[in-house]
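Engineer: So the protein lines, in turn, are chains A and B. Under full-length UniProt numbering, the letters of the first sequence match residues 1 to 397, in that order. Under full-length UniProt numbering, the letters of the second sequence match residues 1 to 397, in that order.
Accuracy of the hints is not assured; some may be wrong.
No copy is singled out in the list; a pair is fine if it fits within one copy or between any two copies.
To be verified - Cross-link-like lysine-lysine pairs, in silico, DSSO-like; alpha carbons within 30 Å at most:
#1 Lys167 with Lys12
#2 Lys304 with Lys62
#3 Lys313 with Lys50
#4 Lys62 with Lys50
#5 Lys336 with Lys306
#6 Lys27 with Lys340
#7 Lys313 with Lys390
#8 Lys200 with Lys167
#9 Lys27 with Lys62
#10 Lys378 with Lys320
#11 Lys87 with Lys218
#12 Lys200 with Lys12
#13 Lys87 with Lys336
#14 Lys378 with Lys191
#15 Lys62 with Lys378
#16 Lys340 with Lys390
#17 Lys189 with Lys291
#18 Lys218 with Lys378
#19 Lys62 with Lys87
Please keep in mind that the hints were generated in silico from the structure rather than gathered at the bench.
2 protein chains.
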Amino acid sequence: MKTEMPTIFSAKRTSFVRTSVIREILKLTVENSDMLSFAGGLPNPHLLPKDILSSVMESVVKDHSATALQYGDSSGYQALRTQIAEKLTDVYWISPDSISVTHGSQQGLDILGKMFMDSDTNVLLEDPVYLGALQAFSPYQPNFFSVPMEPDGPNFYLLEEILSQNKIHIFYANPSYQNPSTYTWSLEKRKRIASILDEKEVILIEDEAYRYLDFDGKVYPSVSSFRKRIDLTFVLGSFSKILSPGFRLGWVVVPEVYRSLFTAIKQGNDLNSNQFSQVVVSKLLERIDWKEHLRSIQTFYSEKQKILVSLLKEYIPEAKFSLPEGGMFLWVEYPKVSQKELMAGCLTNGVAMVPGSEFSPESKFSANFRMNFSFLGKEEMEEGVRRIAKVYRDINT
Amino acid sequence: MKTEMPTIFSAKRTSFVRTSVIREILKLTVENSDMLSFAGGLPNPHLLPKDILSSVMESVVKDHSATALQYGDSSGYQALRTQIAEKLTDVYWISPDSISVTHGSQQGLDILGKMFMDSDTNVLLEDPVYLGALQAFSPYQPNFFSVPMEPDGPNFYLLEEILSQNKIHIFYANPSYQNPSTYTWSLEKRKRIASILDEKEVILIEDEAYRYLDFDGKVYPSVSSFRKRIDLTFVLGSFSKILSPGFRLGWVVVPEVYRSLFTAIKQGNDLNSNQFSQVVVSKLLERIDWKEHLRSIQTFYSEKQKILVSLLKEYIPEAKFSLPEGGMFLWVEYPKVSQKELMAGCLTNGVAMVPGSEFSPESKFSANFRMNFSFLGKEEMEEGVRRIAKVYRDINT
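For reference, chain A alone in the conformation it holds in the complex:
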């Protein structure tokens, strides 16, 4: 959805600024406590062990305040960068220096947009694509290309065709439990695509925000880990889904040649990431049994997903979706109704989903909705699906 702009003085790029329906709906749910929202990508805030968090907070205030309450390095808190390099990346050239801590992975997208995208930059997106990437990149006005997604990754034939017929500079992809399609690239496609990106000299922006949310505890190797051109591949990660979005921290693995530029842009954007949060997260990573913590999150999401799946099958058997391997969403097709009408009816009846057209620069996916299952409790989910079913039946009679 494009923002409606008043006829006021502003830079030309602002006509390309996009608002997010998700953020608008998030606002509605904050204002209206009766609204049941499948819209946001909200992790469950109770997955973080409170006792450990309390004790970490106490120790940070007591023993680490000189660091935690100060400005910090624009690339991030060194101890945290080391932990990310050791625990949360799989590319073979990794070092703490290659990690830049960002204000959520969203800021990584903005910095990379600023770094790479001019009006003559050709940027390939997945179709559908993560809406936040459209928001981050659009003001820099690149030319967008799209490759259709299949359940095991991009359609390879079409990808090859696009790369052969156009000089693509950047490929932005979200290979694991993609937002919104939930599709995960197969191991084979990861390798083949890494190889063709090397051959065609394409910069990959690999968004791995959901990397650790596999329902069975599997971790796919990143596409970047298969690349030979390690100067042309960036990997984005996030603490939002594995610890808490409240700390607002993500990171980018930055190739050596781009590090000074990345840091200089970060400085101009906001000097440095939140130092207090960085120290807290670093201490949390020291204290939490990481494998066990991830397993508990994965189990939690897996169970929530099963609940939503069985509710949809029970109340709206017409709804179509494929079963994701991980993540926090279902990508659901509601056949034979207008997306706009279903959306409006749902909001009126106190239930929210994100219309599929939001995830496409050309507003495709007019039958789909993205449904989050991580936030609502079981009873709320049931009531929510009931409300959707009622609206769906009312329209589709």
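Assemble chain B onto chain A, guided by the hints.
Structural biologist: Using the frame of chain A, we list chain B on its own:
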């Protein structure tokens, strides 16, 4: 200082990206614990009452984690926006809706740069100017104009001339205890300049990061508070100097016509500001005796300033500077030496200051250095000034 760019693919705007010597020096001081730094604008981390902070943290984790550990409104946490509107602004049209919470006031500068600045946008700066503003604005490639600063504000005659001879779109100013000159606009100049900006229809970006750091507890009315064109004036504030830079929070007072655009850009940049920090700061504002807290900060800075002033008079009587009314810097002229040589000698001898040329798009102020007095203790300051004096004498013999 321009970053040295590798010859690699990047957007055209990146050739305008500037690094900050301050951040480079900050990194040196982190790496070399013997380095005495007058360079950073580092507040003293011990000014925040630890007992209150501990108890606030405990209550946030215990009672407010559902809010604090979640995503939030892109414009900011509502309770905090209300407090800012009530306590920390003086423009008559204020409301919580006019406040957007940002990731430090630096992010406010980046968002406003993105919102307003094209290659044909004329931006007037103070001369010297806050380096972070140059970093934020430069990638958007506006045309910079400069108005020379006097101890009571911009030279009004030259300001009038610039505004008459050019269509200036934006004026970026830091009227209170300016960084780096330490100059403060007089009440009279505030009124006259507000009026001429109204007349010429110029957007004012008023950076009030130091607003509450007056040594005598005085608070100047903002220039924006005198403007009639309330659609053309933005005020930036910061918690970094009055609470802690570790929370990385600032705010922007945004005119109504620009609010939806500002929020949409904020979303693309990083979705929302750090929610945990916002809840903590909001609770701190509830708990701290605000007047007493500000007074203790002001007294602290006032005493630190006196110490540096007397050390400079004792060890380097040749050094020239005017006495600021507030803030955390002295703007010191070291006559008869090369800035580059003095800078290099200081770094070699374990003491850092920021060269004045950093604060000018044209690298003027080649005799000046900016010296911070808020961070170092008394003995460290003395040792630091001794080191500078030695280098100065070695060069200037």
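Engineer: Work down the list of hints and note, for each, if the structure agrees.
Structural biologist: To see whether the hints hold, each was checked on the structure:
When the C-alpha separation of Lys167 and Lys12 is checked against a cutoff of 30 Å, the pair qualifies both within a copy, at 26 Å, and between copies, at 18 Å. Within a single copy, Lys304 and Lys62 get their C-alpha atoms only as close as 38 Å, which misses the 30 Å cut-off; across copies the closest is 25 Å, which meets it. For a Cα distance limit of 30 Å, the shortest separation of Lys313 from Lys50 qualifies neither inside one copy, at 35 Å, nor across copies, at 54 Å. In the homo-oligomer, the alpha carbons of Lys62 and Lys50 lie at most 30 Å apart both inside one protomer (18 Å) and across protomers (8 Å), since each shortest distance falls under that limit.
Taking the shortest alpha-carbon separations for Lys336 and Lys306, only the intra-copy value of 25 Å comes in at or below 30 Å, while the best inter-copy value is 76 Å. In this assembly of identical chains, the alpha carbons of Lys27 and Lys340 lie at most 30 Å apart only when taken from the same copy (19 Å versus 52 Å across copies). Proximity of Lys313 and Lys390 under a CA criterion of 30 Å is satisfied intra-copy only: 14 Å inside one chain copy versus 80 Å between copies. Taking the shortest Cα distances, Lys200 and Lys167 sit within 30 Å of each other inside one copy (8 Å), while across copies they are farther apart (46 Å).
With identical chains, the CA atoms of Lys27 and Lys62 are at most 30 Å apart between copies only, with a shortest distance of 24 Å across copies and 36 Å within one. For the identical chains of this complex, Lys378 and Lys320 are intra-copy neighbours only, at 21 Å inside a copy versus 70 Å across copies, given an alpha-carbon limit of 30 Å. Only within a single protomer do Lys87 and Lys218 lie at most 30 Å apart by alpha-carbon distance; the minimum there is 15 Å, versus 51 Å between protomers. In this homomeric assembly, Lys200 and Lys12 come within 30 Å of each other (Cα to Cα) only across copies, at 22 Å, whereas the closest approach inside a single copy is 32 Å.
Neither within a single protomer nor between protomers do Lys87 and Lys336 lie at most 30 Å apart by alpha-carbon distance, with minima of 46 Å and 54 Å respectively. For the homomeric pair Lys378 and Lys191, neither the shortest alpha-carbon distance inside one copy (39 Å) nor that between copies (60 Å) is at most 30 Å. Only between protomers do Lys62 and Lys378 lie at most 30 Å apart by alpha-carbon distance; the minimum there is 24 Å, versus 40 Å within a single protomer. Proximity of Lys340 to Lys390 under the C-alpha cut-off of 30 Å is restricted to the intra-copy arrangement: shortest distance 16 Å within a copy versus 74 Å between copies.
Taking identical chains as interchangeable, the C-alpha atoms of Lys189 and Lys291 lie at most 30 Å apart only when both belong to the same chain, with a minimum of 27 Å there against 62 Å between chains. In the homo-oligomer, the alpha carbons of Lys218 and Lys378 lie at most 30 Å apart inside one protomer (25 Å), although the nearest pairing across protomers, at 56 Å, exceeds that limit. For a Cα distance limit of 30 Å, the shortest separation of Lys62 from Lys87 qualifies both inside one copy, at 27 Å, and across copies, at 29 Å.
Taken one by one, the earlier hints fail for this structure at numbers 3, 13 and 14, listed in ascending order.
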